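There are 2 protein chains.
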Amino acid sequence: MNEDTLTRKLRRRWPLIGDDCAVIPARAVDLLFTSDLSIEGVHFARQSSPQEIGYRAAARGLSDVAAMGGVPHYCLVSFALAPWTDQRWIDGFYSGLEKLLRKTKTALAGGDISHAREFLCDVVIWGSVEKGKALLRSGARPGNDIYVSGPLGGWRHKRAIVPRLDLGRKLLGKATSCMDISDGLALDLHRLALASGVEAHLDSVPVLKGATRKQALHDGEDYQLLYTVPPRERVPGIRIGSVVEGQPGRVTLEGKPLPVIGYDHFRQHRS
Amino acid sequence: MNEDTLTRKLRRRWPLIGDDCAVIPARAVDLLFTSDLSIEGVHFARQSSPQEIGYRAAARGLSDVAAMGGVPHYCLVSFALAPWTDQRWIDGFYSGLEKLLRKTKTALAGGDISHAREFLCDVVIWGSVEKGKALLRSGARPGNDIYVSGPLGGWRHKRAIVPRLDLGRKLLGKATSCMDISDGLALDLHRLALASGVEAHLDSVPVLKGATRKQALHDGEDYQLLYTVPPRERVPGIRIGSVVEGQPGRVTLEGKPLPVIGYDHFRQHRS
Chain P
1 MNEDTLTRKL RRRWPLIGDD CAVIPARAVD LLFTSDLSIE GVHFARQSSP
51 QEIGYRAAAR GLSDVAAMGG VPHYCLVSFA LAPWTDQRWI DGFYSGLEKL
101 LRKTKTALAG GDISHAREFL CDVVIWGSVE KGKALLRSGA RPGNDIYVSG
151 PLGGWRHKRA IVPRLDLGRK LLGKATSCMD ISDGLALDLH RLALASGVEA
201 HLDSVPVLKG ATRKQALHDG EDYQLLYTVP PRERVPGIRI GSVVEGQPGR
251 VTLEGKPLPV IGYDHFRQHR S
Chain Y
1 MNEDTLTRKL RRRWPLIGDD CAVIPARAVD LLFTSDLSIE GVHFARQSSP
51 QEIGYRAAAR GLSDVAAMGG VPHYCLVSFA LAPWTDQRWI DGFYSGLEKL
101 LRKTKTALAG GDISHAREFL CDVVIWGSVE KGKALLRSGA RPGNDIYVSG
151 PLGGWRHKRA IVPRLDLGRK LLGKATSCMD ISDGLALDLH RLALASGVEA
201 HLDSVPVLKG ATRKQALHDG EDYQLLYTVP PRERVPGIRI GSVVEGQPGR
251 VTLEGKPLPV IGYDHFRQHR S
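Quick note, the sequences are listed as chains P and Y, same order.
The numbering of the first sequence is our numbering, which starts it at 1 and goes up by one.
The numbering of the second sequence is our numbering, which starts it at 1 and goes up by one.
Treat the hints with care, since some could be wrong.
What the hints assert, rightly or not - The following residues of chain Y were derived to be distant from chain P, with all beta-carbon distances above 12 Å: (1) GLY132; (2) HIS201; (3) THR212.
As the list claims (entries may be wrong) - Subject to a maximum C-alpha distance of 25 Å in a straight line, what follows is the list of computed SDA-like cross-link-like pairs (lysine to any residue): (4) LYS99(P) to ASP91(Y); (5) LYS131(Y) to ASP30(P); (6) LYS99(P) to GLN87(P); (7) LYS131(Y) to PRO230(Y); (8) LYS103(P) to ALA26(Y); (9) LYS131(Y) to ASN2(Y); (10) LYS105(Y) to ALA28(P); (11) LYS105(Y) to SER128(Y); (12) LYS99(Y) to LYS131(Y); (13) LYS9(Y) to ILE113(P).
Stated by the list, open to error - To spell it out: a stretch of chain Y is covered by chain P in this simulated footprint if at least three of its residues, at any positions, have a beta carbon under 8 Å from a beta carbon of chain P; those stretches are: (14) 24–30; (15) 119–128; (16) 133–146; (17) 234–241.
Just so you know, these hints were derived from the structure itself, not from any lab.
Since we're looking at a predicted model, the values are computed, not measured.
A virtual CB, placed ideally from N, CA and C, is assigned to each residue, including glycine.
In isolation and in its complexed conformation, chain P is listed as follows:
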């Protein structure tokens, strides 16, 4: 079992599951929901500043809303205190988190408090997008160009995540598919290609200064947007390849098959 087989299994019973956000039709708009865990030792080190940890926890969900072309509105934050988190630390955590919420006009609306051996939190973002317009993973078509919003491989370099909300809005009506890169370009592009029933050919990989090509391909937590666009459409970003009919989910780089590896939480407990 890995994350994708579990998700596929659940999706057979619960069809709303599967994209960066759940898309739920309401009267005037489609509502977007996403939930992201941030766990000590997995998503951040205890030594990071609490402001940074709080900021990053909110950024992950906001990035999912960006990937759907949506606008964020509300946020729930549930967290578990660790034995080493004191009041000052929690205040710092909230100040980083609230800084990004205010910047993105997202209101904190509730949550839960518990405790555990490590500090962890779950951030839920609720947003909306114009009816029927959400950017899904499943819309890539043969002939489309593949883009990323910026160079990759930033995770180990602890770059601040900037949720690409403005870009997501600009892609509405232009991109045929979109997702954010949270588990590495190779694995996430495989997911997008599989959801769309197409094959993806990469010509190049834009690598962040100081990172390696392997990191740009397989590290998680980049939070750049990955999207496909019909050839004559002009969009911001870096063109990295093209969509072909081929074999659903297959990804090649410079003509050679790219192994589908990336961050998988199931794998972490297997070794």
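Given chain P, work out where chain Y should sit, using these hints.
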């Protein structure tokens, strides 16, 4: 610092925080959101069956929706694998959780997967209630009777939680305030009385067979509803006392002040 001081501090900046669910006005209804963590060693023991743990994780959020008089619609489930959870365990967890979701007509819509040293999950329930009708903690008035939906002290006896959704609906338009008992009657009634600006006088405490009065007063995780009702209103449940003007947040039992203690996650790391 304890849970309540943190919540109060946050509420000054974010007024939506504070009740069992966040209440967010939409066009035709008010939307309800709640997020509840379930953590190994805090909310359940590893030895419990995965079905029971999954069921209980969903029940906690559904109970919050019940306490607001609402109807649940959608659910997000984020979980962290522990080193000891295998595929069969995760399947059991989902089967318990999905059993209650189907029973309450709640659709699983998404979530997140991660890993941690202990198994944990966060369940988000999204529901709705008739506009302006949500049962809040702040509506108790002097002269009201205080009710609970059943005998208390069940936590240590591992009774299955039954979210009181039908009762919540029956209380709409009748109860002046309502909440579910998750941290013990004494502490939760104190919270309700404080939110309403009133004092609460308990005449009696209905104790579950096999539990002690102390457990009925101070143990968490009962998930019975606690509500206040004008004297001539007929509602299901057990009358346990009355609301008086007095001192906001003060609770007495048979005339004597009741200490405000109950489950507090901040306290767990203090000793």
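Hints versus structure:
1. GLY132: It holds; GLY132(Y) is separated from chain P by about 18 Å at its closest Cβ, greater than 12 Å.
2. HIS201: holds, 29 Å
3. THR212: For THR212(Y), whose nearest Cβ neighbour in chain P is about 25 Å away, the distance exceeds 12 Å, so it holds.
4. LYS99(P) to ASP91(Y): The hint is violated at about 39 Å.
5. LYS131(Y) to ASP30(P): Distance of about 20 Å is within 25 Å: holds.
6. LYS99(P) to GLN87(P): holds, 18 Å
7. LYS131(Y) to PRO230(Y): holds, 21 Å
8. LYS103(P) to ALA26(Y): Roughly 23 Å between the alpha carbons, so the hint for LYS103(P) and ALA26(Y) holds.
9. LYS131(Y) to ASN2(Y): The hint is violated at about 33 Å.
10. LYS105(Y) to ALA28(P): holds, 23 Å
11. LYS105(Y) to SER128(Y): holds, 13 Å
12. LYS99(Y) to LYS131(Y): The hint is violated at about 29 Å.
13. LYS9(Y) to ILE113(P): Holds - the C-alpha atoms of ILE113(P) and LYS9(Y) are around 14 Å apart, at most 25 Å.
14. 24–30: holds (count 4)
15. 119–128: holds (count 4)
16. 133–146: violated (count 0)
17. 234–241: With 0 residues close enough to chain P, the hint is violated.
Hints 4, 9, 12, 16 and 17 from the list above are not met by this structure, while the remaining hints are.
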